[in-house]
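So the sequences go chain by chain: A and B.
For the first sequence, position 33 matches number 33 in my numbering, and the numbering has no gaps at all.
For the second sequence, position 291 matches number 291 in my numbering, and the numbering has no gaps at all.
Just so you know, these hints were derived from the structure itself, not from any lab.
Fair warning: there could be bad hints in the mix.
Identical copies carry no separate label here, and so any pair may be met within one copy or between two of them.
[What the hints assert, rightly or not] With a straight-line Cα cutoff of 25 Å, these simulated DSS-like cross-link-like pairs (lysine-lysine) come out:
#1 Lys21 <-> Lys177
#2 Lys159 <-> Lys363
#3 Lys21 <-> Lys159
#4 Lys177 <-> Lys251
#5 Lys304 <-> Lys251
Computed from a predicted model, the values in this text were never measured in an experiment.
Number of protein chains: 2
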Amino acid sequence: MSESKTSSVALENSADSRTLKVAILGFGTVGSSVARILCDVQPRGLELTHIFNRNVARKRVDWLSCPVVWLEDADQVLASDADVIVELVGGLDPAGRWVRSALEAGKSVVTANKKLIAAHGVELEELATSRGGQLLYGAAVAGGIPVIPGLRQGLAGDKCNRIEGILNGTCNFILSKMEAGAEFADALAEAQWLGFAEADSTEDVAGYDARAKLAILSRIALGAEIAPELVPAGSIAPIGAIDFAYAHQLKCTIRQISRAQLSPETSSVGVTQVQATVGPMLVPEASPFAWSRGTENMVIVTGKYGGDTVFSGHGAGGHPTAVAVVSDLMAIAHGSRSVAIISQKATVTGDLLLRHYIRFIVKDRPGIVAEIAGGLARQGINIGALLQRPGYPEDRLPFVVTVEPCSTSALKRALDEIGKLDCLVERPLELQILEPENGAG
Amino acid sequence: MSESKTSSVALENSADSRTLKVAILGFGTVGSSVARILCDVQPRGLELTHIFNRNVARKRVDWLSCPVVWLEDADQVLASDADVIVELVGGLDPAGRWVRSALEAGKSVVTANKKLIAAHGVELEELATSRGGQLLYGAAVAGGIPVIPGLRQGLAGDKCNRIEGILNGTCNFILSKMEAGAEFADALAEAQWLGFAEADSTEDVAGYDARAKLAILSRIALGAEIAPELVPAGSIAPIGAIDFAYAHQLKCTIRQISRAQLSPETSSVGVTQVQATVGPMLVPEASPFAWSRGTENMVIVTGKYGGDTVFSGHGAGGHPTAVAVVSDLMAIAHGSRSVAIISQKATVTGDLLLRHYIRFIVKDRPGIVAEIAGGLARQGINIGALLQRPGYPEDRLPFVVTVEPCSTSALKRALDEIGKLDCLVERPLELQILEPENGAG
């Protein structure tokens with residue numbers, strides 16, 4: 001095969017006869033997996049030519065099957081004859097600047113950068129289209145699981161109205177460890193030791209990583225562009241062993257769930273509204289979400305015509321993420337063009353009508369249940385069940401109230417009032433209960 | 001948008017400005033769902049223009065949002081200016097003739113015809129490519145679940161070595177009803193009454209439908225072209241309530257599983273060999289396969305780099321299948337080209353090293369277990385467990401033997417010998433036991 005001197009526009013029309021030069025920006029775990037797969041699978045029409053990393057000398061490997069230019073100046077990569085840039089640096093800057101610059105030069109870009117795509121995906125895709133390149137980011141959500149290609153190719157014909165997922169492997173690892181009896185701190189430490197979690201685990205634990213991914217899926221599945229920072233995110237840190245015990249009693253378990261659905265309000269007001277939220281939730285033991293273990297990711301897409309479709313697999317890790325990157329590279333090399341995403345800006349509300357689980361820890365005295373029930377009743381919230389497990393000290397007594405479907409905002413008002421009660425040892429923990437009719441079927 | 005007078009080659013280069021004329025061949029459940037989605041979703045670049053059916057007058061509907069030519073002569077459709085033919089007639093002939101003729105004329109074809117694609121997919125794809133059209137068949141396997149786009153786009157970068165699935169919704173409906181206590185005949189009758197099963201259920205029950213789908217997946221996932229009729233297929237008809245009882249005792253349930261994996265022999269002999277089989281198998285209760293209920297389909301793809309990826313959802317029914325058809329139409333309208341499948345002819349063996357479940361029904365007398373154990377031992381097969389539930393009559397006594405991993409062919413030889421024992425009331429039923437290390441993780 002002859003080498004290509006052209007940009008991706010020309011390549012699309014001659015996909016069978018040219019070889020695309022591929023440059024990798026960022027040679028960490030995923031970057032070296034991409035190189036390894038390219039050497040092993042040797043996909044037709046792709047040739048690894050450049051690798052960039054800071055202090056690149058310490059990154060050099062001897063197992064590459066082709067000659068590669070090692071660089072520590074990203075501008076040299078951007079100025080090179082590479083046709084496709086694989087951006088694996090992450091973060092908004094300088095990665096965003098490099099991606100923009102590559103697209104402006106008519107190159108195509110494959111990236112796993114969920115933060116960049118969640119924040120600037122629409123604009124960058126428009127830039128790619130206008131310069132004749134492509135921007136693919138199958139690796140940005142759910143790693144090796146082909147959710148994005150599945151949505152863009154396989155479910156494009158449906159009207160999707162809801163998307164739910166386990167989008168953060170670290171949280172799923174921690175919660176499934178806790179389900180098996182571990183304490184939060186130990187599970188987190190193990191995740192860090194195994195390399196699943198960063199030293200600063202805030203992005204994962206607080207749900208920020210997941211909501212960037214949710215924003216990307218919202219655009220692709222629902223056609224609704226949402227700002228990730230507007231999605232209410234709850235941390236999994238307050239979850240304790242006691243919550244798994246109570247969840248079990250309710251025939252549920254606990255998972256970090258990201259969900260977005262088109263609001264029924266949308267049609268009446270004309271502006272698309274998305275009900276979106278990320279955080280630990282009670283999921284029924286019969287839900288596919290309850291089956292996911294370890295760092296697995298899972299996405300359930302609900303369509304008007306196709307019903308629920310479930311995708312699951314390895315959402316993180318070098319190799320699975322690299323599979324998504326190489327698959328995107330092959331799509332470009334084969335001249336495949338994705339079905340264009342038609343989307344519009346949307347507003348976000350975290351307000352949903354759902355059952356909730358509320359766990360209190362109190363210093364016991366008479367009248368507590370009446371006071372809590374009164375606080376809920378004043379916001380029109382009905383109690384479903386009251387659960388109290390034996391064997392806890394009276395000065396740190398945990399018990400759980402489940403409430404019938406109520407809006408998140410009404411519940412917040414009730415808990416603001418109840419939170420002032422002198423008997424409370426800590427702020428009550430409220431979790432949404434995911435039910436079959438609310439997905440997770 | 002102006003209408004297209006050109007064939008699909010030109011359309012690919014002008015996907016944004018032309019509208020493709022779509023003709024539907026076969027206006028049954030799926031065909032009318034396709035029309036309904038096209039009217040509802042109104043995907044850009046697609047216009048329904050022709051509908052063909054025998055005795056088309058009785059098929060006319062009044063809810064179409066666009067003028068359509070109703071025809072009962074397929075040749076008129078093929079001779080029309082339709083750009084894309086949606087073939088939903090099924091079967092090899094005349095559907096195959098019509099598809100070939102459309103592709104020869106440079107039209108693109110979208111089909112749900114698994115029989116045709118399993119038998120002639122390679123040749124028809126070559127024909128499409130040579131004439132500048134496309135042949136897409138996402139609806140041929142697992143209905144609305146985007147397994148084919150997922151494999152072709154999202155997992156193309158991996159080296160897949162195994163594919164396993166629940167590919168027949170009718171069998172899954174029957175077996176999950178039996179799991180809940182129904183008898184085979186009643187479950188089948190209910191499936192027929194609900195329209196899931198044909199009056200002649202042989203294709204479904206005997207595994208012929210599933211193995212055609214397995215042959216298609218083998219080519220896409222493993223790059224191995226196999227003849228469906230060479231894949232050993234076992235019927236689910238002999239499964240009884242007693243088998244679910246014993247399976248449960250082994251912490252398993254029973255599902256119709258289709259599986260194909262690259263044989264370890266492949267590399268040594270040069271010719272690709274695929275271990276493939278379809279039939280009822282014991283699957284662990286912890287396997288995703290055990291969670292599938294009703295007419296659901298599920299596919300698990302195992303890759304060298306990405307590990308296991310699970311797809312599940314509605315594998316059958318008018319609407320889900322139509323979603324796959326419309327998604328393929330949109331891919332053509334948007335000028336998307338799939339990653340080309342690189343495949344080669346492969347041989348098939350049903351011989352696998354697996355644990356097996358063998359259920360005997362005997363007229364009790366002393367010495368039976370010794371005779372059976374002897375028959376197995378003479379083929380080098382070790383017994384794992386012997387299960388016998390109380391409460392059955394002595395002249396029709398069921399019991400189960402599980403055996404350690406042995407080749408299917410050795411087991412067949414042993415059962416041929418054991419089958420001659422005078423105590424047997426019916427031929428022993430042997431089922432493969434799917435284990436995590438053999439997939440179904």
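One pair to classify: Lys177 and Lys251, alpha carbons no more than 25 Å apart. Within, between, both, or neither? Answer is both; intra-copy 18 Å and inter-copy 23 Å each pass.
Is it within a copy, between copies, both, or neither that the alpha carbon of Lys21 lies no farther than 25 Å from that of Lys159? between (37 Å within a copy, 22 Å between copies)
Check Lys159 against Lys363 for me: Cα-Cα at most 25 Å, and say if that holds within a copy, between copies, both or neither. Neither: 51 Å inside a chain and 59 Å across chains, both beyond 25 Å.
With identical chains treated as interchangeable, where does the CA-CA distance between Lys304 and Lys251 reach 25 Å or less: within a copy, between copies, both, or neither? Neither: 29 Å inside a chain and 36 Å across chains, both beyond 25 Å.
Can you give me the call for Lys21 and Lys177, within, between, both or neither, at a CA distance of at most 25 Å? For Lys21 and Lys177, the Cα distance exceeds 25 Å both inside one copy (43 Å) and across copies (54 Å).
The earlier numbered hints that this structure contradicts are 1, 2, 5.
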